[in-house]
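Visitor: Chain residues, written in single-letter form:
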Amino acid sequence: MSTRITVNGESRMVDAAPDTPLLYVLRNDLGLNGPKYGCGLGQCGACAAIIGGNLVRTCSMPLRDVENDHVTTLEGLGSVENPHTLQKAFIAEQAAQCGYCTSGIIMAAKVLLDRNRNPDDEDIKNALADHLCRCGTHNRVVRAVRRAAVELAR
Amino acid sequence: MTDLVLSRRRFTQGLGIVVATFAWTTRSAIGQAPPNLPFSLRNNRKLEGWIRLEPDNSVVIFTGKAELGQGILTALAQIAAEELNVEFDKIRMVSADTTRGPDEQYTFGSQSVEQSGAAIRAAGTETRAILLAAAARRFDLPETQLKAMAGSVVATDGRRATYWQIASEQPEILRREIAANIVPKRPADYRIVGQSINRVDLPPKLTGRASYVQDMRLPGMIFARVVRPPRYGAKLMALDDTTVRSLPGVVAVIRDGHFLAVAAEREEQAIAALNALASGARWSDDGISLPDMSNLARELRQLRSETSVVGTAGQSEPAPPDAKRISAEYVRSYVSHGSIGPSCAVALLKDGHMTVWSHTQGAFPLRGDLAKVLGMQNSEVDVIHTQGSGCYGHNGADDVALDAALVARAVPGRPVKIQWMRDDEFAWAPIGPAMTTKVEAALSSEGRIVDWSYDVWSNSHAMRPGQAGGVNLLAAWDLSVPFTKSPPPRIPQPFGDGDRNAVPPYELARKEIRNHLLLDTPIRNGSFRTLGAHGNVFTIESFMDELAEAAQLDPIAFRLAHLKDPRARAVIEAAAATAGWSAGAKGDGWRGRGFAYSRYKTIGMYAAVVVDVSIDRNSGIVRVPKVVIAADIGSVVNPDGARNQLEGGIVQAVSVTLKEQVTFDRRQITSRDWAGYPILTFPEVPSIEVVLMNRSDPSLGAGEGSLAPTSAALANAFAHATARRIRLLPMTPERVKAALA
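Protein chains in written order, with full-length UniProt numbering: chain A, 1 to 154; chain B, 1 to 741.
Calculated from the structure, these hints are not laboratory results. Source: prediction; values computed, not measured. Built from N, CA and C at the ideal position, the CB exists for glycine as well. Among the clues, some could well be false.
What the hints assert, rightly or not - In the DSBU-like style, the derived pairs of lysine-lysine whose C-alpha atoms are separated by at most 30 Å in a straight line are:
id, chain 1, residue 1, chain 2, residue 2
1, B, Lys438, B, Lys147
2, A, Lys125, B, Lys659
3, B, Lys350, B, Lys324
4, B, Lys485, B, Lys350
5, A, Lys125, B, Lys626
6, B, Lys235, B, Lys438
7, A, Lys88, B, Lys626
8, B, Lys324, B, Lys372
9, A, Lys125, B, Lys235
10, B, Lys324, B, Lys185
11, B, Lys324, B, Lys485
12, B, Lys586, B, Lys372
Said to hold, decoys possible - A few chain A residues facing chain B, derived, Cβ under 10 Å:
id, residue
13, Leu23
14, Tyr37
15, Gly40
16, Gly45
17, Asn139
Bound conformation, chain B alone (with noise of 0.2 Å):
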């Protein structure tokens, strides 16, 4: 953590501007904070906006994080349970609510169980000090013989107290500053973080109780749709809206600017009328010119651009002119979050004030840029974060969550729910954009890298409301008098944005990264899962291959020969060991074995996978019958919960090197549903070998590290067992088919 700590703080003091690092924080919030303070508490270093004692003998804990199906309240209410020393079924959690409770920014970047457990780690561990202190003055007995267990003190000579009686005698001793002076639990003396306790939340969420924002119900609630544009940048012209101002529960049409939106008393009433209303509503013709999807490569590198050196060294030395140079360029293309529940808000204005549930990743940023766009204080208006379906990154929640807030204006009093359909959230939502590389190295005759050469072209992967210079929200743009998007966040290593992971893994004597920033945005981008990283390991991780190729070595043992990092050095043994990887072993044409390694960030967790394909090579069709993957997480505050993530991630990648892109024309998106954007199902789902690493180093998050390099490998085991490479994502059955003709 601090190491974490202070690279942040150089990077922001050094840039002198404000930077949008991981939380996008302030220089001023840095300045302020003491050294090592754990980064959530920096902002909100009230004990009790973390910890209550409550009456009813439960304790509960606020963390800024929200559940987003990665497991995190429950990961949480461990590191609590664990450093107050009381049972985990006292705990519960109230998450990312800006009525209640920290404001830590966004849940993103696998940086939840760092940021909110180091912060939740630091107050439990003073809440039990100061009990313990104020037991002693109770007891009047030294600190030494009394012991905290299972929610009480209990003294040498049998006497014992309740948190909850000493709190409540005492009140004032909780009402302070966190110091975060108190040294937490030895790894060693942990008895509920590193175990695999059930989600506090699948009970409800497989039974059908009341578990998402989908399934809130107010009094008085109605149903609102929006009638999207047919394409970006169509304006509304005119619309005839007699007809559904006559059907059946129709409450209100909202139009603002080029908004239009429906209200209705029942959501099958609303879905008619959204038909309605779109058969009324007459668009322009104009239209932002798309890329051409044939050509991603020439296309991206055609838009206008900011260029970085991201990573450099060994430049005031030529590059040795004998060695051999290879060089290749790798795409990837544009894609969906998928969700498999489009988004869904809840909003409500009353008294004056709008209180908005949505499942976004950032509940705090939401509500600053909610008040910018309705034209309120931050006071009037909250945001509650409210469970959805899985995001994988930046979807619909924010925007949804802004159509609700705006039709919810428009008849107070009355709650307002939306959910997107489907070709909404396909068409309308951000997009995980398209990146493409080009990547050159030199090889000396021992087979060593002695150069290496990199460029990234990628539109921002961080478009997210709250970031300086506009609003990133989506009815904002079309409203009468529009907010304009935030200019493209500048992101430094080794956090970084669609040149997250650019920045080689190996010892490279000379390299240079460079990052083209794109300014153009043809298709509506934000963050998915892994940012750039997952395009830029998928290159690295592929050439890497092909550079051991060329020195004919095998292509563990090359990497191997260039990474000096002990961990890193272990999960590829690790991985390699468990898959019984044999080097020298040759593909036969339709079965081969790949292998990639990365670690996430840089600075984050780190995996090695090996991945086993069987190829149909008539049709085209690339099976993964294996996937074995070896991940060093740190400290494991949760080890099924961990597996889960990693086995999430791996079949997401698999889904999305082998299937996944949004597909357009020149004028519009036309991957609405799911037939135009399939994923992987049941039938194609590899089998996965999770090896966790054991280690006590400071968590480091699992929620993404495993993509890129499962990609990586799947390619890898591609050219593997073909001699052919594809370097163009997703690896279609046209593309396997054209690569083997």
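One chain only, chain A, in its complex shape (with noise of 0.2 Å):
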């Protein structure tokens, strides 16, 4: 069963079952590692991707119902030789220890900045407020969205 799907711009055909959730697509037939497998119940976050704009869960997100839209991962935002402001602003901060949950969180940075060009601390902290870090690296966080916020503002 083929379906085809807009992955970081680029257009894709997947053979996998229509239920498959759409992170395991991500994952294991389009090649990506942003979108990590954390919990696989929408709690954690680490498989967050953007769809049409939205932050979506993408462990619980069928692989059918996104055959329309426009998929963006982390690879979709920037490389490590052409990175994205965001990605920029968390390398200047060490935003990470493993890194593991911070692809989802740099996604829902993303989208909040997309929607509000100058958050404060409190605003930042309330868009992540679904995404667990378990490091404790949450301070370093804030200031690279704030960061990345001051760049794009320029």
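Hints given; two lone chains; assemble the complex.
Guide: So, in structure tokens, the structure goes:
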């Protein structure tokens, strides 16, 4: 069963059952690493990606529901050679330890900054309230998102 | 370093048993070692086992320590670049790999900079000296006319040769044992060590380049999942796998005793098969009777235990009879590591050789136990460290490695990836043991502690693969020919196990500290960051505040009156000054401030912490707006990396203190997802101010020392705010409301 989806600006054919959680399609069919399996329950945010401008938990989103949408993952923002402003800000603030949760957090920050160009710390913390980080890098993450907002405003 | 090495020798030789010290080192290994040789060099003497100059003009540094998200590879690369005099970006790190590189046992106990750093420093210094000597011969100049800089040896007459040229002309010069007889650089001359160099692993991780074992994709790889029993101790009685075998993509159903797994072509197929297989499995009603959560202190003390005195002084004289005696009891609940990414491994059996990619903390010890369970030789098994989610101790990493190897054995030639499901990690990974303590002290009329009596009850916090007398891997206990768990190790002070940091850091003329190592293990126990230090420092530092109050003294002044160590006093004074501590300030019923001090493992980093709280008396919710820490970690290799570790420890400690407990009924663990095991969230995280003391003493690991004093200072802040004390962690809203009622 083939499904056509658009991921990071590319149209791709995927041979997977329509009820396959998008997370496994992104990771295993398309070879993307950004979205991570964390809980499979929509509780932790590690698998988050942007679909049609909204933040989505890909572990709980079946493939069939994204057929006509544009999916953006961490890889769609930038690369090591050409990082996105948010990725640069996270590096500048060293806003990670293990980094496993960070992909989902950066995607949530992207959605926040798309909607609010000048968020304060409260806005940032509230936007990330459903994203779990176990290493305790929260304050660095907030600084990084603020830094990215300042950069983007230039 | 010297002190640490000598004390380990003394402990080991003195006890005359196979001692599970910090590195489970055997006596014979220690017996062969020349004095003062850095610990990690003792069994890994070959210079080329640590450093290789590669044809592409890079330097490969081999370490036995693993990147767990703590930034160790960056810190070790800094040390290597510093001693070698090469540019930082020439260094490539190879880490914890049984196919190449040194055996440094485990990455734990905040020892990587201390151990691997010391070894790499010695190897780097020696390599630079060898290259200088070789260049002197090449140029026919005395070494005084040569300088090693930026990967070259430069002569005063202008001639120069790169390290790689010298090594390719005289390759034999680096094929030797490390003598470790050359003095490394003076810290005052450091250019790279001491700088906040950005983590080398973050740009790939933050842009989605394959970085984790979860990201491994090998040709022909299949996915597997394990059906765990419904509870500890249940046995697989019957299995109907006909449905499963007809599901799309299923490659194999593996059953060995009570171990049950399924492999499929696709990951979601493996998960669907897991659920089908679980429905087809019938488990016995067997189980292990779990403690009554509502009275952990009583339940723990009823378990069989082995008691030892781990600290004593002044017992020949009776305690002064007129002193005021005070006592209290404390409890810390069972704690989960709560890794965001459940444990994962990839295994491949090919041509009779098993290779396992794992985020284990101990590649070499894991290799040994995998070989034992698989009935293979060590030489037929390799473990290659591949990064995973942060672990904070002994999570499911090793267990899933065996799971993957057992499945891989059934499908030779096909790589097998297993990632545990969320509930596997919460219900089956080792859990940080609950602890209960009882402390009694006597105060003189001048407010001095004149007697101290302490008891701690806890299961072992150290049940890793590689320990003697058994196999500490989950699936091994379920096989048709089962293996048994190791008995708990006996880890002497100052490292300790459940008794880590049980001996107070204060000057106490009369004291006795008893460790009751619990032998029955109802809940699967293992290492969670700090081992017993968390419960012990929570107790000691809470109780120091109780004593200060009884003596009507300021908590900080009271501690300083019992402390001589100038480094201890310095961090306490720095934290107090930074936080603007005001002696005698009163809590107002909902806001308060608390203090705590500890020196991790008694011989590690120093930390003094001030925590502010505000309490919603109606909801029972405790908020922590601000934490200040002053830390002395000796010579700092990477200040920002150290701060990141200290901050992370503080956040984790606030989370553990306010929220975290593994829950269970009398049969099974019931906290199996994030709703059942909540942790601190973004809006709840305190602002943190870190003061790093600037010292040239040997480096002390920064990975763990901020946790325990944070928990104690938080409890003290609550007591300061409300004049009520909570001695049971976590301080949930229900308990807060009960305390304030």
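Visitor: Just pull the numbers of the violated hints for me, sorted ascending.
Guide: As far as the earlier hints go, 1, 3, 6, 8, 9, 10, 11 and 12 are violated by this structure, in ascending order.
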